[in-house]
Amino acid sequence: METIINYLENIFAGVPDTPEIRRIKNEMLANMEERYTELKKSGKSENEAVGNVIADFGNVDELLSEMGIARNQSEPIDEDNRPVVTFAEINSYKALSKKASKGLGIGVGFILFGVAALIALSTIIEVYHYSEKADNISAIVFFMFLVCGIGILIYHVIMMRPYEYLEKGGLKLAHEACEILERESREEYTKFAKGIAAGVMLCVGGIIVLIIFSMIGDYVHNNELWSSFGVSIMMILIAIAVYIFINIGYQREVYHVLLRIGNSKEVATSSNRMVQVVTAIIWPLTFVAFLIWGFMYDGWHISWILFPIVGILLSGFSSAVKAYHKK
Amino acid sequence: MISSDVLRGYNDTIILSLLLDEDSYGYQISKSIREATNEQYVMKETTLYSAINRLEKNGYITSYAGDISMGKPRTYFRITDDGRKYYQAKCAEWRLTKDMLSVFIREEM
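Line by line, the protein sequences are chains A and B.
Residue numbering for the first sequence follows this note's numbering, beginning at 128 and increasing consecutively.
Residue numbering for the second sequence follows this note's numbering, beginning at 495 and increasing consecutively.
Bound-form chain A, shown alone:
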């Protein structure tokens, strides 16, 4: 409710304080208060209610020109003529990002599932001595997952294209929008923290499964089979964890992007861009190396290890670059 009162005060700053204006202002406040209470009663959150009320306010210039009132010229005029990001834009950006974050998580998850399937299948084929051609089946299954995953990734990256301008800077955010976003980002923080904890637990669980399976493998006949199933299950658990991490990371990024506009800081893109470019080059190279190792040196059973290794190296690199730029 504070936010609504501040919003109205800001809007009417610089408008001459006549009894007529004061009356309309008070009435508008009463209406907005009533709408706000009603929205809250219908189960909307504080942020949704405030956002809704402010979105339905309209344009004060319409009212002023109707009343034949000019803004008080002696008041400092807002010389900042950067375009304002509207509530509607913020809401649709958030909604779309939510979808995209799920999509990107699923895309990466698909690729990791593919790796899990590849490991399990190639071991089965090896242990049961199927013909060598059967080895191709596991590669085909893996490619199917990979192609689907990449397709999903590309689709969702393109989906977010229309909002790239938000990251470029040169925009500003209404004061009220900033307040709402800051509050929301604080509220979501616990949710994010829980998600990260769950993801880490999944990863640890995956490693435990791997250890248990290889221990079983020591006592039974087909030990190779057991340990590779262990790796597959670990990959699946890691895939789920990665889905959660990407989902959370992307949604936190939404708040960062928007609040960066709000705090009108120049967007620190240079370090991000560098990491993006390096990542874009390294992954295809890794993939090519994976193929060469697999096809030419028959290393399918082990060449998957390139992906987690490169992933860990890249994330280390990106944190290092960010830390360096912060200085």
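Misleading hints may appear alongside valid ones.
[Unchecked claim] Straight-line distance between alpha carbons at most 16 Å, and here's what the computed EDC-like set of lysine to aspartate or glutamate pairs gives:
1) B:Lys538 x A:Glu160
2) B:Lys538 x A:Glu161
3) B:Lys538 x A:Glu193
4) B:Lys538 x A:Asp183
[What the hints assert, rightly or not] Computed footprint of chain B on chain A, listed as stretches where at least three residues anywhere in the stretch have a Cβ under 8 Å from a Cβ of chain B:
5) 155-164
6) 272-282
Bear in mind the hints are in silico, worked out from the structure with no lab data behind them.
The C-beta atom is built at its ideal place from N, Cα and C for all residues, glycine as well.
Position chain B against the provided structure of chain A, taking the given hints into account.
Same frame as chain A, but now just chain B:
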């Protein structure tokens, strides 16, 4: 959502039609519009008060202090006889507009 540009000339008519049956106040008017149109048209706060201001200046509605809500008396609006005449004129104008425009609106392309 219908573009508010199209409706601009008829915001006054919409408000007057709601005041025909009973006096009302700001929030109730915008709520009635929202509900009557199934949320298709949400009249912005500033649009509502521009129209109310215009209607009051032209003598089509009058205002008075009504019951007290949240510590403040609500301002109620009542339609005047001039307002009723103006409303009828606007309705006639709309019918004419509709007939005339329908000449250009084709059912099939």
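Checklist entry - Are the Cα atoms of lysine 538 of chain B and glutamate 161 of chain A separated by 16 Å or less? => result Holds, because 15 Å separates the two Cα atoms, which is no more than 16 Å.
Item to check | Given hint aspartate 183 of chain A paired with lysine 538 of chain B - CA-CA distance at most 16 Å | outcome: Status holds; Cα separation ~5 Å.
Next on the checklist: Please check whether the segment 155-164 of chain A has three or more residues whose CB lies within less than 8 Å of a CB on chain B.
Outcome noted: holds (count 7)
Checklist entry - Do three or more residues of the segment 272-282 of chain A come closer than 8 Å to chain B, measuring C-beta to C-beta? => result Since 0 is below three, the answer is violated.
Item to check | Pair hint outcome, lysine 538 of chain B versus glutamate 160 of chain A [Cα-Cα no greater than 16 Å] | outcome: This hinted pair holds, its Cα atoms lying about 15 Å apart.
Checklist entry - When you check the alpha-carbon spacing of lysine 538 of chain B and glutamate 193 of chain A, does it fall within 16 Å? => result Measuring from Cα to Cα gives roughly 14 Å; hence the hint holds.
Hint 6 from the earlier list is the only one contradicted by this structure; the remaining hints agree with it.
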